[in-house]
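Starting from the known structure of chain A, arrange chain B on it as the hints suggest.
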Amino acid sequence: MFENLKKLEQEIEEKLSGIKDSISLSSLKIEIFGKKGSITNHLKSISSLPKDQRKQTGQAINDLKNKINTIIEKKFNDLNKDEIENKLLNESVDSTLSSRPDEEGKINPITQTIAEVTKIFQKMGFKIALGPDIEDDYHNFTALNIPPEHPARQLHDTFYLKKNKNGQKNLLRTHTSPVQIRTLENTKPPLKIIAPGRAYRADSDITHTPMFHQIEGLCIDKDVNMSHLKGCILDFCHEYFDIEDLPVRFRPSFFPFTEPSAEVDIGCYKNKKEIKIGTGGDWLEIMGCGMVNLNVLKNCKVDTKKFQGFAFGMGVERMAMLKYGISDLRSFFESDLKWLKNFGFSVFDNIEKV
Amino acid sequence: MKFTFSWLQKFLKTKRSLKDICEKLTLLGIEVSEIIDNQDVLKPFKIAQVVDVKDHPNADRLKLCKINDGNKTFNIVCGASNVKKNMKAILAPVGTRMPTGDFTIQKTQIRGVESEGMLCSAKEIGLGKEHEEIIELSANEKIGDSLSTLYPSEKIIDVEITPNRSDCLGINGIARDLAAGGMGDFLEKKVSKEKGKFKSDIEIIITKEAKKICPVFYGRYIKNVKNCESPEWFKKQLVAVGLKPISALVDITNYLTIDSNRPLHVFDADKIKGNLTISLSNGGKNFNALDDQNYKLSKGMITISDDNDVISLAGVIGGSSTGCGLNTKNVFLESAIFDPVSTAKTGRLLNIVTDARYRFERGVDPQSVITGIEEATNLILDFCGGETSELISDGSIPDNKRKIVFDFDTLEKFGGIKISEKETQNILNKLGFKILKKGKKYELISPSWRHDIENEQDITEEVLRIYGYDNIPSQSIYINNQNSIDNRCQIRELSMKRCLALKGLTETVTWSFISKQNAKLFGFKGELLEITNPISSDLDIMRPSIIPNLLQAISNNVAKGEKQICLFELGPIFGNIKDMHKKIPDIQEIGLAGVRYGKKTKHWLETERDYDLFDVKSDLESLLKCCKLSSSSYSIKNEGITDYYHPRKSGTFFFPDSASGAMFGEIHPDIIKKLDIDQPVFAFELSLFSLPHEVVDKKKIFKNKYFQKVERDFAFIVDKNIEAGDIVRIAAEVDEELIDKVYIFDVYEGEGIPEGKKSLAISVTLQPTKKTLTDLEIEEIGKKIVENIVKSFRATIREK
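Taken in order, these protein sequences are the chains called A and B. Throughout, this note's numbering is defined as the position within the first sequence, counted from one, plus 97. Throughout, this note's numbering is defined as the position within the second sequence, counted from one, plus 1.
Pulled out of the complex, with its shape left as it was, chain A reads as follows:
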């Protein structure tokens, strides 16, 4: 019996020494310890031995089993190590090769600017309101205190549509101000709205396009006055341009739908090549504003004994051009892919200062 074991041990050791890879070692292990393995068979045969030999033989087989096991484990370790080392030596990839491409598009600067601007006013409690691009004369002019022969109408080169089925001659809104009227007609004050949208004027040159975007704001409440208007616009300018000491100036002006009216200028530095927002002694006009003309509120059946308020309006393209250094207004509408990629924003660009 013991001789058998000795012989088995020799055989196994011989086989082991001839093994060069882990897969053959695994099969050898099964050959030895598997269900029908050589050592397994020896262990099974113990029960057929006389009782007195069982213990001693059992001990011997177990010793052999443990010994072989240890050798195999060690061999496994060695082989694995060799194999991984080999693998590392022979396999390689050039990690500087390009990854699978993401085709990321860009968000238009007009969208970005509208989002940035409305976000700031949202923090002041303004809610977004929208109105139609195709308007009637009443909402675009008359209700805004611009009667038919008012000289202010000449400043608006209005696009008109052919008469519709009802015989009505509509127009393309020349500003976003009619949203004020539509909101006041449908909503009871107090209210605060901000209305971004397209506007149209029949004008086309270096600084005018027949279509452009505006953002209109309206705040109607019981006791809002010009100091609130100033605070609102000042805070907006500082936050939007992200310049804390940005000079902001309110200059009297005229709009039929506000009184008192003002134009808002921000400080800048100008020379022939560039305009830099900030301190520098020059001024740059950025928007119009004022206390809502009481005639406008009356036209919308608002009780002017109780309510008053302010309104403001700005050009989106202009705001974008000033903040992001875009020099040509017309380029916004040319769909030039290179321009769009250059001035467009990544989806991950924040609309709010972090």
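Keep in mind that the hints were calculated from the coordinates and are not lab data. Any given hint might turn out to be false.
Under 10 Å between C-beta atoms, here's a sample of chain B residues computed to sit facing chain A [stated by the list, open to error]: (1) Thr-27; (2) Arg-349; (3) Ile-353; (4) Glu-463; (5) Tyr-470; (6) Cys-500; (7) Ala-502; (8) Glu-531; (9) Ser-537; (10) Ser-538; (11) Asn-550; (12) Leu-551; (13) Glu-570; (14) His-604.
Once the Cα atoms are required to be at most 25 Å apart in a straight line, the calculated BS3-like pairs of lysine-lysine come out as [as the list claims (entries may be wrong)]: (15) B/Lys-404 x A/Lys-402; (16) B/Lys-439 x A/Lys-402; (17) A/Lys-260 x B/Lys-517; (18) A/Lys-402 x B/Lys-419; (19) A/Lys-266 x B/Lys-517; (20) B/Lys-438 x A/Lys-262; (21) B/Lys-404 x A/Lys-395; (22) A/Lys-260 x B/Lys-526; (23) A/Lys-266 x B/Lys-603; (24) B/Lys-108 x B/Lys-200; (25) A/Lys-367 x B/Lys-20; (26) A/Lys-402 x B/Lys-629; (27) A/Lys-403 x B/Lys-441; (28) B/Lys-414 x A/Lys-319; (29) B/Lys-561 x A/Lys-435; (30) B/Lys-438 x A/Lys-259; (31) B/Lys-330 x B/Lys-274; (32) B/Lys-414 x A/Lys-398; (33) A/Lys-438 x B/Lys-603; (34) B/Lys-414 x A/Lys-395; (35) A/Lys-266 x B/Lys-521; (36) A/Lys-262 x B/Lys-521; (37) B/Lys-200 x B/Lys-237; (38) B/Lys-419 x A/Lys-369; (39) A/Lys-266 x B/Lys-300; (40) B/Lys-629 x A/Lys-224.
What you are looking at is a predicted structure, and each value in this text was computed from that prediction instead of being measured. Just so you know, even glycine gets a beta-carbon here, dropped at the ideal spot from N, CA and C.
Below, chain B without anything else, positioned relative to chain A:
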């Protein structure tokens, strides 16, 4: 409007600098757009002497001049006929930028002879019209001095006057505002009145209907005048503000227009037949105006006629038949008031822009009718001599002064600032208001020159404006709880845009218009909204879809050599829309559309491929996911497509309860060709109005223990025209609880598949929730799926 600092000082006694005045003007609401210094323009030119003149060797008309500029002598080639030895002339040295021609003088060869500079004519410097001859200066002028030493320094201020402030269209009005703003003392005009020595030969009649439009008309006959050029000092003032001197009589009327917003007119009295009648035109007549144009009059236009014909379009432009020239001997002077609306209408209908129209349509001070005619009389007598008649008139000067009750508290209520009563009174007084009553409620009378002052709010604005907006404090209005603001609509649009950008499409913004030609090419049906006065014929139809503009954008970018173009736009679309919106005039929706052209970005591990229909279908699906619409909230069909898609390579997403759906597909090859695009374009579009409301995403109860998922694949052979979507739907309906997902993973036609058939392979995922499925149960479901599909589509199982 332009004026000179010295002219302003006629009305404003001030020690302030020009800079202070200009800054204040802007803060008063009179925006200064430019300050021009005439010295800057004149400085580069030098006084020089011609020391020798010879004929040019190679040109008959040119002369070779030796010029001394006080420093050295050099050659100039000159073509002027009056150039002669020893004359003093104006030299533009090499390097001078010419004010009129926008070019710079350079050293040059003229017909083979070197010329170092130019001798200037009046026109070349902007000092007059003469251009054949060079300016000859007096022999006393000092050689080497700059031309600017011959002209007094003059600063010209260009301001923009808002439409409400017609009073500031006269320099006196600007001065009054400056005085109110603390910049000096306002100097009231003192005009002496001429009594007149005889009765006017010409009478004035305003017809009854015309009185509403012309409430008052004053006239004066001045005989034996000698019209001439205005004196130099007078001409210089006019030239400085951009007016062309014509003759003394005309210059005087132009002068007073600028000086005090008082348009006047002079008729050559000898050319007037009989009397003057101011009446409303019956229309149809033609009229020759001073601008040498012929205008056809419409009914209701206000005209001035003599016994023969219309001789003036009142308040707009005078007639050529009675215009004054240098040989005018007798003059009839007009000073009147015309209604702003009527003047504006006439001007607009005939498209005539004059200083008179501009002022009458904004409002002229009625009280200036008499002072204006008196001042003009004085100037005419001064410059041209003559004898004047008594003043004659019809109508009466309208009283446009308004009585306004002004609650002192409104100032603070609107302005958010306390201004003392004393300060307020001071401002109002200086602006020309009369204070009738003080106290809590003021009673004020507005000045006759302020047509814009009607009510309490106007008074508030005046006081705040003069007091200074910069003195108003500012109060922040930030709120604490911005979450209460519901801007969901905006957020949805922004998410959709971001979703598409992440898929590789770039956002563009195109016109809301398309061309009629494109509207035809795309075959839009239904009512198109057309602009009556488009800026060009490319932009005359309100777009019913965004797609045409996106395709135009692709075409333009292809022309620039772009190979991969993926664009989208979210914006309004108009007309041609099925769901009518009642409240807004004509119909408008918000559309979203995208296009893909070219190949996907190449990669070294993958085979290159073109964009295809399933890229844009995936774009649409992502958008709907972004709007929280699950695949069960729509169905997809190969139908309902508009004409501009490929009829057999397009599809529609249908939403229940919505008339229109979301479309996607390949753009019709004919359109692509006509737009010069060389490869197929794939597009999608939808209306945001047609989208169902988002489905609020309720989280499923999470079961910790999940039972084993099972996947089974099946392949069927069906008729080619069977829609894959239907097979997926039928399979999913077999057991809606157990079947988690069904999708097509293979489509095959060709070898091994009979003609007219195709093989579709689906993968079905079963997700039990109560217990693990047994082999038998799995087999049973599989059998049912096969059975239903075979029955519904006359399919056969495809053996492997």
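Status of the hints after comparison with the structure:
1. Thr-27: holds, 6 Å
2. Arg-349: holds, 8 Å
3. Ile-353: violated, 13 Å
4. Glu-463: holds, 9 Å
5. Tyr-470: holds, 4 Å
6. Cys-500: Where the cut-off is 10 Å and the nearest Cβ of chain A is about 9 Å from B/Cys-500, the hint holds.
7. Ala-502: This interface hint holds because 4 Å falls under the 10 Å limit.
8. Glu-531: At 5 Å from the nearest chain A Cβ, B/Glu-531 passes the 10 Å test, so the hint holds.
9. Ser-537: With Cβ-Cβ at 8 Å, under 10 Å, it holds.
10. Ser-538: violated, 13 Å
11. Asn-550: holds, 8 Å
12. Leu-551: holds, 8 Å
13. Glu-570: Constraint on B/Glu-570 satisfied, holds at 8 Å.
14. His-604: holds, 6 Å
15. B/Lys-404 x A/Lys-402: Between B/Lys-404 and A/Lys-402 the Cα gap is close to 21 Å, so the pair holds against 25 Å.
16. B/Lys-439 x A/Lys-402: holds, 22 Å
17. A/Lys-260 x B/Lys-517: Roughly 17 Å separates the two Cα atoms, so the pair holds.
18. A/Lys-402 x B/Lys-419: holds, 20 Å
19. A/Lys-266 x B/Lys-517: holds, 20 Å
20. B/Lys-438 x A/Lys-262: violated, 56 Å
21. B/Lys-404 x A/Lys-395: holds, 21 Å
22. A/Lys-260 x B/Lys-526: holds, 19 Å
23. A/Lys-266 x B/Lys-603: violated, 53 Å
24. B/Lys-108 x B/Lys-200: violated, 66 Å
25. A/Lys-367 x B/Lys-20: holds, 18 Å
26. A/Lys-402 x B/Lys-629: Violated, because 46 Å separates the two Cα atoms, which is more than 25 Å.
27. A/Lys-403 x B/Lys-441: holds, 19 Å
28. B/Lys-414 x A/Lys-319: Judged against 25 Å, a Cα distance of about 10 Å means the pair holds.
29. B/Lys-561 x A/Lys-435: Status holds; Cα separation ~10 Å.
30. B/Lys-438 x A/Lys-259: Answer violated: B/Lys-438 to A/Lys-259 is near 54 Å, above 25 Å.
31. B/Lys-330 x B/Lys-274: Measuring from Cα to Cα gives roughly 15 Å; hence the hint holds.
32. B/Lys-414 x A/Lys-398: holds, 20 Å
33. A/Lys-438 x B/Lys-603: holds, 19 Å
34. B/Lys-414 x A/Lys-395: Roughly 18 Å separates the two Cα atoms, so the pair holds.
35. A/Lys-266 x B/Lys-521: OK: A/Lys-266 and B/Lys-521 at ~24 Å, within 25 Å.
36. A/Lys-262 x B/Lys-521: holds, 21 Å
37. B/Lys-200 x B/Lys-237: It is violated: about 35 Å lies between the C-alpha atoms, which goes past 25 Å.
38. B/Lys-419 x A/Lys-369: violated, 43 Å
39. A/Lys-266 x B/Lys-300: Measuring from Cα to Cα gives roughly 23 Å; hence the hint holds.
40. B/Lys-629 x A/Lys-224: holds, 23 Å
Against the hints set out earlier in the document, violations occur for numbers 3, 10, 20, 23, 24, 26, 30, 37, 38.
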